[in-house]
Amino acid sequence: MFEMLGISPQALFGQLLIGLINGAFYAILSLGLSLIFGLLNIINFAHGAQYMLGAFVAWYLLAYVGIGYWPALIVTPLLVGLVGMATERLLLRRLSRLDPIYGLLLTFGLALVIEGVFRHVYGVSGQPYAPPASLSGGYRLEFMFLPKYRAWVVVVSLAVCLGTWLVIEKTKLGAYLRAATENPTLVQAFGVNVPVMVTATYGFGVALAGFAGVLAAPVYSVNPLMGSNLIIVVFAVVVIGGMGSILGSIITGFSLGLVEGLTKVFYPEASNTAVFIIMAVVLLLRPAGLFGKAA
Amino acid sequence: MSSERSQRLVLLVLLALGLVAPFVLYPVFLMKALCFALFACAYNLLIGYVGLISFGHAAFFGIAAYATGHAAKVWGLPTELALLTGTAAAAALGLVFGWLAIRRQGIYFAMVTLALAQMVFFFCVQAPFTHGEDGIQAIPRGTLLGVIDLNNQLVLYYFVYVVFVLSFLILRRTVNSPFGQILTALRENEARAVSLGYRADQYKLVAFVLSAAFSGLAGAMITIVFQLAALNSVHWHLSGEVVLMTLMGGMGTLLGPVAGALLLVAIQNYFAQVGAWSTIIQGAIFVVCVLVFRRGIVGEIEAWRQRRAAASKPRD
Chain A
1 MFEMLGISPQ ALFGQLLIGL INGAFYAILS LGLSLIFGLL NIINFAHGAQ
51 YMLGAFVAWY LLAYVGIGYW PALIVTPLLV GLVGMATERL LLRRLSRLDP
101 IYGLLLTFGL ALVIEGVFRH VYGVSGQPYA PPASLSGGYR LEFMFLPKYR
151 AWVVVVSLAV CLGTWLVIEK TKLGAYLRAA TENPTLVQAF GVNVPVMVTA
201 TYGFGVALAG FAGVLAAPVY SVNPLMGSNL IIVVFAVVVI GGMGSILGSI
251 ITGFSLGLVE GLTKVFYPEA SNTAVFIIMA VVLLLRPAGL FGKAA
Chain B
296 MSSERSQRLV LLVLLALGLV APFVLYPVFL MKALCFALFA CAYNLLIGYV
346 GLISFGHAAF FGIAAYATGH AAKVWGLPTE LALLTGTAAA AALGLVFGWL
396 AIRRQGIYFA MVTLALAQMV FFFCVQAPFT HGEDGIQAIP RGTLLGVIDL
446 NNQLVLYYFV YVVFVLSFLI LRRTVNSPFG QILTALRENE ARAVSLGYRA
496 DQYKLVAFVL SAAFSGLAGA MITIVFQLAA LNSVHWHLSG EVVLMTLMGG
546 MGTLLGPVAG ALLLVAIQNY FAQVGAWSTI IQGAIFVVCV LVFRRGIVGE
596 IEAWRQRRAA ASKPRD
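Chains as they are written, first to last, in my numbering: chain A, 1 to 295; chain B, 296 to 611.
No wet-lab data here; the hints were simulated from the structure. Computed from a prediction, not measured in an experiment: that's the story for all the values here. Any given hint might turn out to be false.
Said to hold, decoys possible - Across the chosen pairs, the derived CB separations fall in these ranges:
| id | chain 1 | residue 1 | chain 2 | residue 2 | range |
| --- | --- | --- | --- | --- | --- |
| 1 | A | Asn41 | B | Gln601 | 43 to 49 Å |
| 2 | B | Gln432 | A | Val196 | 54 to 60 Å |
| 3 | A | Lys148 | B | Glu428 | 32 to 38 Å |
| 4 | A | Arg178 | B | Asp496 | 29 to 35 Å |
| 5 | B | Gln302 | A | Ala270 | 46 to 52 Å |
| 6 | A | Val167 | B | Val569 | 42 to 48 Å |
| 7 | A | Gly138 | B | Phe424 | 40 to 46 Å |
| 8 | B | Gly371 | A | Ala130 | 54 to 60 Å |
We put the CB at the ideal spot given by N, CA and C, even for glycine.
Could you build all of it, start to finish, from the sequences and the hints given here?
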């Protein structure tokens, strides 16, 4: 079959694996965006910068504090999430009654500041971050070589995505959250502290971005522009999946990563645009996105 | 003094300042500022008067830059036709984008335009005629109508100045026309405008194409000024910058985008030496404008004037 297509199985599976890994990052990031959008009605343009922040925090922890990968995987999202919560309390809350467009503009400005500061200090070159010893090396499969770390990225991000989905769809906390997105005043009247929930949700969404940053540090080099390159694709993923849909962002994230990988094998010139072309087609057929509710 | 008359007076003073400016300031800087001012005015037509926030306007600016550069350098068209080619390319792209994006509203509209613009960016990275990272270089400035040599800095400045003033007047006329009134009505209450029988989508689409065309004209002119069309003119950072110019100057005011563009170009010029700092400063201005300064410079001045007028009015 591979001879017929004129492609070596190694190349095909290699690209599919890269696609799956990119897809994992698309999924986690668009999940965070969807959560934030669902409750705050804000397009968090700073999401890419917060992801980059996660990678840099992990790198700092290793280089200056001597905290390795495994503790960093927990500590970093907490730290980045705290920064996020502070951002919500100090800045975003002031815009809650205004057109959501102002939230987008504010987070856009924040992204410029964060990225600018890191670029000022580190330039555009990357900082290396080695994967932990227990995940170095790989498995030699029949058709390809599978690095352990990459397999871990795919597995753990799937787990995090599904865990988040379960919490939101199946628990009481999730029910409060969903209710608050529909009618915050009513939920507040039932004695739920909605403002705290909003802060916590923003913090959690940002923590997800930070988590993705730690995961990404050993795969891509840690550099100030890693977020701004990725975030636009993630926005397209969010539009395709249907904004605010949790399951939509997970499924769309992983599948678009795979589609991108496949495009790289069969028609490399289009690999960067594939996601955007799909977005245009989806918009034509289903303006609310694949999993979105019609407005 | 009525606000109509005082506005005319302000415009006349600015017009005169524009005429003498190249003797005081560096003409290339001024031309860059005028091109961005036109870009911001075109953008303001959408955000300020229709309430549509596009996050992908660099696509129109950039595609026009490339089309103009290609037309002038490879096809050897005279400058005025090259500029028209660029503007037409932007308008055509605006028609496609607008048709696609108008299906969604508000924040969704912003996302869609951003993603569509990114498609154009990747197209420009890979298409052979754009020369990828190098861009189209050494684009001839040419002669206007075959007689006026645009290689003279001062002559070119006055050409850009005239194009800017004419475009500004057209945009001003558009906003003050019945068509402009309908656009404002759509911004304020779309459902009501629709129930009055206006076809909202068609009006929005026309406004979108108009905005794209003038953004394209701005991109086309800057190509002639710098004799270069490069990737930064299609990058999404530029889309952000034009939002910032409009926001900083005052959305929905005629002179706001001009003021915002002049200020931002001046800041960029001034901080060009310090690299990443200019991004940090831009970001900080964004944050400050959104938090405490949402009316922008011109918007704040107008609000202050209105307050003063209301205070000085004799009460009965």
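Tested hints:
no.	hint	in the structure
1	Asn41/A with Gln601/B: 43 to 49 Å	31 Å, violated
2	Gln432/B with Val196/A: 54 to 60 Å	57 Å, holds
3	Lys148/A with Glu428/B: 32 to 38 Å	36 Å, holds
4	Arg178/A with Asp496/B: 29 to 35 Å	32 Å, holds
5	Gln302/B with Ala270/A: 46 to 52 Å	50 Å, holds
6	Val167/A with Val569/B: 42 to 48 Å	45 Å, holds
7	Gly138/A with Phe424/B: 40 to 46 Å	43 Å, holds
8	Gly371/B with Ala130/A: 54 to 60 Å	56 Å, holds
In summary, the structure is inconsistent with hint 1 from the numbered list given earlier, while agreeing with all the others.
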